[in-house]
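**Q** Here's the letter readout for the chains.
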Amino acid sequence: ETGVTQSPTHLIKTRGQQVTLRCSSQSGHNTVSWYQQALGQGPQFIFQYYREEENGRGNFPPRFSGLQFPNYSSELNVNALELDDSALYLCASSFHGHEQFFGPGTRLTVL
Amino acid sequence: AQSVTQPDIHITVSEGASLELRCNYSYGATPYLFWYVQSPGQGLQLLLKYFSGDTLVQGIKGFEAEFKRSQSSFNLRKPSVHWSDAAEYFCAVGARNSGTYKYIFGTGTRLKVLA
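Protein chains in written order, with this note's numbering: chain H, 1 to 111; chain F, 112 to 226.
Check each hint, because a few of them may be wrong.
To be verified - Just a sample of chain H residues kept apart from chain F, beta carbon distances all over 10 angstroms, derived:
| no. | residue |
| --- | --- |
| 1 | Leu11 |
| 2 | Gly16 |
| 3 | Gln18 |
| 4 | Gln48 |
| 5 | Arg63 |
| 6 | Ser73 |
| 7 | Leu88 |
| 8 | Ala92 |
| 9 | Arg107 |
| 10 | Thr109 |
Claimed, not checked - In silico SDA-like pairs for lysine to any residue, Cα to Cα no more than 20 angstroms straight-line:
| no. | chain 1 | residue 1 | chain 2 | residue 2 |
| --- | --- | --- | --- | --- |
| 11 | H | Lys13 | F | Gly152 |
| 12 | F | Lys160 | H | His96 |
| 13 | F | Lys160 | H | Lys13 |
Claimed, not checked - Listed below are several chain H residues computed to face chain F (Cβ distance under 8 angstroms; list not exhaustive):
| no. | residue |
| --- | --- |
| 14 | Gly42 |
| 15 | Pro43 |
| 16 | Asn55 |
| 17 | Gly56 |
| 18 | Asn59 |
| 19 | Pro62 |
| 20 | Ser86 |
| 21 | Leu90 |
| 22 | Phe95 |
| 23 | His98 |
| 24 | Phe102 |
| 25 | Gly103 |
| 26 | Pro104 |
None of these hints come from the bench; they were simulated from the model. Keep in mind it's a predicted model, so treat the numbers as computed, not measured. Virtual Cβ for every residue (Gly too), placed ideally from N, Cα, C.
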């Protein structure tokens, strides 16, 4: 059974650029949640996708958007990158949300 | 409001000593509770979880946690700490709000182990 995978592992962008992060959910899971973990902080909920629709959102601006595909994989897109967007981005998959299984994360650095 | 508080930002213990990391939560319903460990530059590893039943939960690496509803606490313990336990520890509560189930994390406790 393959766990949650994320790509890329690391990436560096400059302020104002756009970035896409990818997540493949664990087999049998239909829900994907995204979290942002800034340096020295706990992860913060960005949003959740279920059946290809956004199913709840945390306190993040609209320039954070996402997609979920028919195979339940997901993308997180961030437009107009700001320095404060530098963080570890964690994807978690679950079956209807109760127990979430986290991927290894993508570390984004914005210069 | 739903929240998780980890009162200790840093804790230092000697190798072989016992450990207790504190976690308090605020959540109106019966909580699902979790403890995760994170090594520098790494993702989250689940140590243990509480959904229901026995309030003393055993996890991996010799960790245990006790759910105390009256105190809204879910403290993590280990009887004898190893140098490899040095890491950051996060407590989380699973919270449902308007059909969305999300995790709310504390700010973490960084554990340092002295040889």
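**Q** Decide, hint by hint, whether the structure agrees.
**A** Evaluation of the provided hints:
1. Leu11: Since the minimum Cβ distance to chain F is about 15 angstroms, H:Leu11 lies beyond 10 angstroms and the statement holds.
2. Gly16: holds, 26 angstroms
3. Gln18: Holds, since 24 angstroms exceeds 10 angstroms.
4. Gln48: Since the minimum Cβ distance to chain F is about 6 angstroms, H:Gln48 lies within 10 angstroms and the statement is violated.
5. Arg63: Consistent with the label, H:Arg63 stays out of reach of chain F, its closest Cβ about 20 angstroms off (over 10 angstroms).
6. Ser73: holds, 18 angstroms
7. Leu88: Its Cβ does come within 10 angstroms of chain F, the nearest being 8 angstroms, so this is violated.
8. Ala92: violated, 8 angstroms
9. Arg107: For H:Arg107, whose nearest Cβ neighbour in chain F is about 8 angstroms away, the distance does not exceed 10 angstroms, so it is violated.
10. Thr109: At about 12 angstroms from chain F, H:Thr109 clears the 10 angstroms cut-off, so the statement holds.
11. H:Lys13 with F:Gly152: At roughly 18 angstroms apart (the allowed maximum being 20 angstroms), F:Gly152 and H:Lys13 satisfy the hint.
12. F:Lys160 with H:His96: Given pair F:Lys160, H:His96 holds - Cα atoms ~17 angstroms apart, limit 20 angstroms.
13. F:Lys160 with H:Lys13: violated, 36 angstroms
14. Gly42: For H:Gly42, the interface hint holds, since the closest Cβ of chain F sits about 3 angstroms away, which is under 8 angstroms.
15. Pro43: Check passed: Cβ of H:Pro43 comes within 5 angstroms of chain F, closer than 8 angstroms.
16. Asn55: With a closest approach of 6 angstroms, the H:Asn55 hint holds.
17. Gly56: At about 3 angstroms, which falls below the 8 angstroms cut-off, the nearest Cβ of chain F leaves the hint on H:Gly56 intact, so it holds.
18. Asn59: At 12 angstroms from the nearest chain F Cβ, H:Asn59 fails the 8 angstroms test, so the hint is violated.
19. Pro62: violated, 17 angstroms
20. Ser86: Status violated, d = 14 angstroms.
21. Leu90: H:Leu90 check passes; min Cβ-Cβ to chain F is 7 angstroms, inside 8 angstroms.
22. Phe95: At about 11 angstroms, which exceeds the 8 angstroms cut-off, the nearest Cβ of chain F leaves the hint on H:Phe95 violated.
23. His98: Hint on H:His98: holds, closest Cβ of chain F at ~6 angstroms, below 8 angstroms.
24. Phe102: Holds - the Cβ of H:Phe102 comes within 8 angstroms of chain F, reaching about 5 angstroms at its closest.
25. Gly103: Check passed: Cβ of H:Gly103 comes within 7 angstroms of chain F, closer than 8 angstroms.
26. Pro104: Constraint on H:Pro104 satisfied, holds at 4 angstroms.
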